[in-house]
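Fit chain B to the known structure of chain W by using the hints.
For reference, the chains in residue letters:
Number of protein chains: 2
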Amino acid sequence: MNSLLSFKPYNGIVTKGDFLNALGSALGPKGLTSDPDAMAPWLTDWRGRYHGAAVAMAMPAATAEVAAVLRICSDHRVPIVPQGGNTSMVGGAVPDGTGTALVLSLRRMNRVRRLDAAAGLATVEAGVILSELHDIARGEHMRFPLSLGAKGSATIGGLCSTNAGGTQVLRFGTMRSLVLGLEAVLPDGSVLDSLAPLKKDNRGPDLKQLLIGAEGTLGVITAATLHLVPEPPETATAWVGLDSPQTALSLLRRLERLPFAVESFELIPADSLELVLRHIPGTRPPLESASPWNALIEATGERDVREQLESALADALDRGLASDGVLAANQAQAMAFWRIRESISEAERASGPAVQHDISVPVSAMPDFMTSAAAEVERAFPGTSATAFGHLGDGNVHFHVRAPADVDPERWITQAAKPISDFVYDRVIAAAGSISAEHGIGQMKLDTFQRVTDPARLRALNALKAAFDPLGIMNPGKLVPSLASDARAP
Amino acid sequence: MNSLLSFKPYNGIVTKGDFLNALGSALGPKGLTSDPDAMAPWLTDWRGRYHGAAVAMAMPAATAEVAAVLRICSDHRVPIVPQGGNTSMVGGAVPDGTGTALVLSLRRMNRVRRLDAAAGLATVEAGVILSELHDIARGEHMRFPLSLGAKGSATIGGLCSTNAGGTQVLRFGTMRSLVLGLEAVLPDGSVLDSLAPLKKDNRGPDLKQLLIGAEGTLGVITAATLHLVPEPPETATAWVGLDSPQTALSLLRRLERLPFAVESFELIPADSLELVLRHIPGTRPPLESASPWNALIEATGERDVREQLESALADALDRGLASDGVLAANQAQAMAFWRIRESISEAERASGPAVQHDISVPVSAMPDFMTSAAAEVERAFPGTSATAFGHLGDGNVHFHVRAPADVDPERWITQAAKPISDFVYDRVIAAAGSISAEHGIGQMKLDTFQRVTDPARLRALNALKAAFDPLGIMNPGKLVPSLASDARAP
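Protein chains in written order, with the working numbering: chain W, 1 to 490; chain B, 1 to 490.
Keep in mind that the hints were calculated from the coordinates and are not lab data. Note that the Cβ used here is the ideal one computed from N, Cα and C, for glycine as well. Mixed in with the good hints, there may be bad ones.
[Claimed, not checked] DSS-like cross-link-like pairs, simulated, lysine-lysine; straight-line CA separation at most 30 Å:
#	chain 1	residue 1	chain 2	residue 2
1	W	LYS199	B	LYS8
2	W	LYS151	B	LYS151
3	B	LYS16	W	LYS199
4	W	LYS418	B	LYS199
5	B	LYS418	W	LYS199
[Said to hold, decoys possible] Distance ranges between label pairs, derived from CB positions:
#	chain 1	residue 1	chain 2	residue 2	range
6	B	PRO9	W	SER482	38 to 48 Å
7	B	PRO9	W	SER25	21 to 31 Å
8	B	ASP422	W	LEU115	29 to 39 Å
9	W	THR15	B	ALA64	24 to 34 Å
10	B	ALA405	W	ALA64	43 to 53 Å
11	W	PRO230	B	GLY139	33 to 43 Å
12	W	VAL112	B	ASP454	18 to 28 Å
13	B	ALA118	W	PRO285	30 to 40 Å
14	B	TYR10	W	PRO230	54 to 64 Å
15	B	ALA432	W	SER6	17 to 27 Å
16	W	SER482	B	THR98	32 to 42 Å
17	B	ASP271	W	PRO230	52 to 62 Å
18	W	THR15	B	TYR10	40 to 50 Å
19	W	PRO230	B	ALA430	28 to 38 Å
Extracted from the complex, chain W is given alone in its bound form (with noise of 0.2 Å):
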């Protein structure tokens, strides 16, 4: 067995009842059930894209529950579907359709156990709502600075195990980086014990690091030692319009040499911004003219953070890195900015079918394969026109390849997805980048990874899973690809 964990021999097949029993007798009634009516929520997908059917739901109270739970599923192999809040973009909590698996649900997980502001740690469970973490950080005084769309249900554990991002990653990193300490129970019951915030600590590799971005596939994660920050004292925000995202870029490298921090900078062409105008009531117009492109700017700091921004665009404007500009007048204004960006995906369903992706290249390069890419797209695909948007800061966009005019919507996504899909996945390989900046690979993506990856990447994720995982029973199916034929080879 590829591990140094350790497993009971396997005791052969076992009735579904002697399973349930074990469980049972483990967690109790409040943490177990095979009603099809209490499972069915969990069973797809929040966008309905996945459908999956499980033998039963257990819903552990505590980490020794969870330890017992993986004990039992390795001693009678039944696979392990961790799941928190279900808002997966790629089906990475959904069980397959065979109904062998159990559905590891973390949500009964969310005591807060250890809140210190002063030194801006929260020791928080897995089932802890994202939503609920920030109304605790704001009681402080403190704010915990991560957040996205799905912050009502997504839960600490699975914003660990996807190592999520969202809108504040420019200044205060994806989910890793606000990972102080980690409580895993692998596959074995062994319960890893990070928790304590070291700063620094030299006991060899960063074990905690594994398990960050790992979507259930090793181990899972039942609490997190999580960063606060200070409430920032000001904070300002304004709508700027240029002419391309080269320009884009040039000015964020000036606004990030200035004494405040830029908290977001999230890139919108105007064929984005002109959809959200036309498809969301409400919507109105930031600047009086239209740009090529547009900039949503979030900066905060200590003092004068309004007249620092206000300075600094003025002076884009002379340089010519930008062709207008203005800064939110109140806290209204300024949630109407960001309800603009918010709603360019919603917008483009409006509009019709487009194939989506979330992709990562270095920030420098960016902004030419933003240009470069989707000229490239429209020409491969006649009539499709390409739009990407999003966190130029952190080199990752939402790069959306909307249909043709005349086609029939759902042939020309059954038939056109793919072949585009390889196409934008071939140019940002090509670019050094990531098939998946944001959303992870879970089973949607696994093919693709699979196609793209250099062999020794994939053999070396593999080892990992049969280091960890010698069973093959966590979250079956997402992440980690089985090799190629040739990917063994030297």
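For chain B alone, kept in the frame of chain W given last:
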């Protein structure tokens, strides 16, 4: 074999000649030596505590040559000891005495592959020396914000492999947080290329995190893409007298909320200062009146840093957070302050033997730990005096226990070192801390690491080792303790 990496079956014993010929043809005359005089300086650690022997020393000049060396060593089952500047504090880069190992020096791989000041990126090979990188960055009006005493010899590869720290961790973190991309060769000779600086990349767990801090036991780091930051427009340095570590932490917390950035906050007890003043020529007390504790503070910012720090310290005096304080009037005075901090170990050596510990605990627990652990040690080992100094803001101090006045130094060290260290480390573990904050485990702390580490963590580390280095040829005898008899029990 516990791995999915691909190794040739062992062809049985080979002669030393065959092995060296294979290496020679892969590396050329400049790339290989078995000349005892040429190897001698690299077979003993810089403090002269560990002495080893080697069959030869390989000096590859390119990643492909490193890959060839690892394949040849795998084929012949020859142990490899990767080495950079050989400045390990724990004997991590010295082979054992059997003479069977190959020393793999990365020092000839010293090219700067790419420098992008605008993006704040430098891609450099493993053999580049830290002070060279400092100079290169300075030439671009940038800086690489990690520095330590061995900067004139320590190499980037070694700094990555040991996740080095230093005096700027408070603001910029350890090496781990400055490594944006990594290139490494795995024991089977496959090359993991993750050099592209992707701010967001969610293709599974971040494999480069495995190599950082692994002390060459999982593979060989050949290049890294590092984060450069702009040179700070202004810097201010202060020396403050205060009454306790608790007060020092309160002061630090206040300073951290001010507009400038606190880059260093070094805590120094009165007796350490006295030793420096007594033993280090040309040192003078920064303050007229002595205080039980001293803080050396360095702050940087865009403007008015000196004024801001001055008023912050005046406010601290009013609040009783400081008993006295002075700002360095010029660069020379700032350097004089730093010389005191950096001379403490030398001054202690001059005054007699001390048992030294590089430890960390959660920052908020450090003040109490410093006072209580010191008192406990002095109670348990009558006549000793225990002092802790260093990076309070990182939760990392150097905890030194000095000999009683009337003992024979050599005999005392031999007899007292182990019981004292065991005593200290047990208290560190009880405080959820680390027995190695900065220096790593190497061979020096291997027994202690095994003694005090949770079996689950040891199993995970061994599973990792078996997955990537199933032949056990990567830096054997370092970092990875063999599993205790009970460590594999569930």
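Verification of the supplied hints:
no., hint, verdict
1, W/LYS199 / B/LYS8, "41 Å, violated"
2, W/LYS151 / B/LYS151, "44 Å, violated"
3, B/LYS16 / W/LYS199, "45 Å, violated"
4, W/LYS418 / B/LYS199, "26 Å, holds"
5, B/LYS418 / W/LYS199, "26 Å, holds"
6, B/PRO9 / W/SER482: 38 to 48 Å, "24 Å, violated"
7, B/PRO9 / W/SER25: 21 to 31 Å, "48 Å, violated"
8, B/ASP422 / W/LEU115: 29 to 39 Å, "34 Å, holds"
9, W/THR15 / B/ALA64: 24 to 34 Å, "56 Å, violated"
10, B/ALA405 / W/ALA64: 43 to 53 Å, "51 Å, holds"
11, W/PRO230 / B/GLY139: 33 to 43 Å, "36 Å, holds"
12, W/VAL112 / B/ASP454: 18 to 28 Å, "24 Å, holds"
13, B/ALA118 / W/PRO285: 30 to 40 Å, "32 Å, holds"
14, B/TYR10 / W/PRO230: 54 to 64 Å, "59 Å, holds"
15, B/ALA432 / W/SER6: 17 to 27 Å, "25 Å, holds"
16, W/SER482 / B/THR98: 32 to 42 Å, "40 Å, holds"
17, B/ASP271 / W/PRO230: 52 to 62 Å, "36 Å, violated"
18, W/THR15 / B/TYR10: 40 to 50 Å, "46 Å, holds"
19, W/PRO230 / B/ALA430: 28 to 38 Å, "31 Å, holds"
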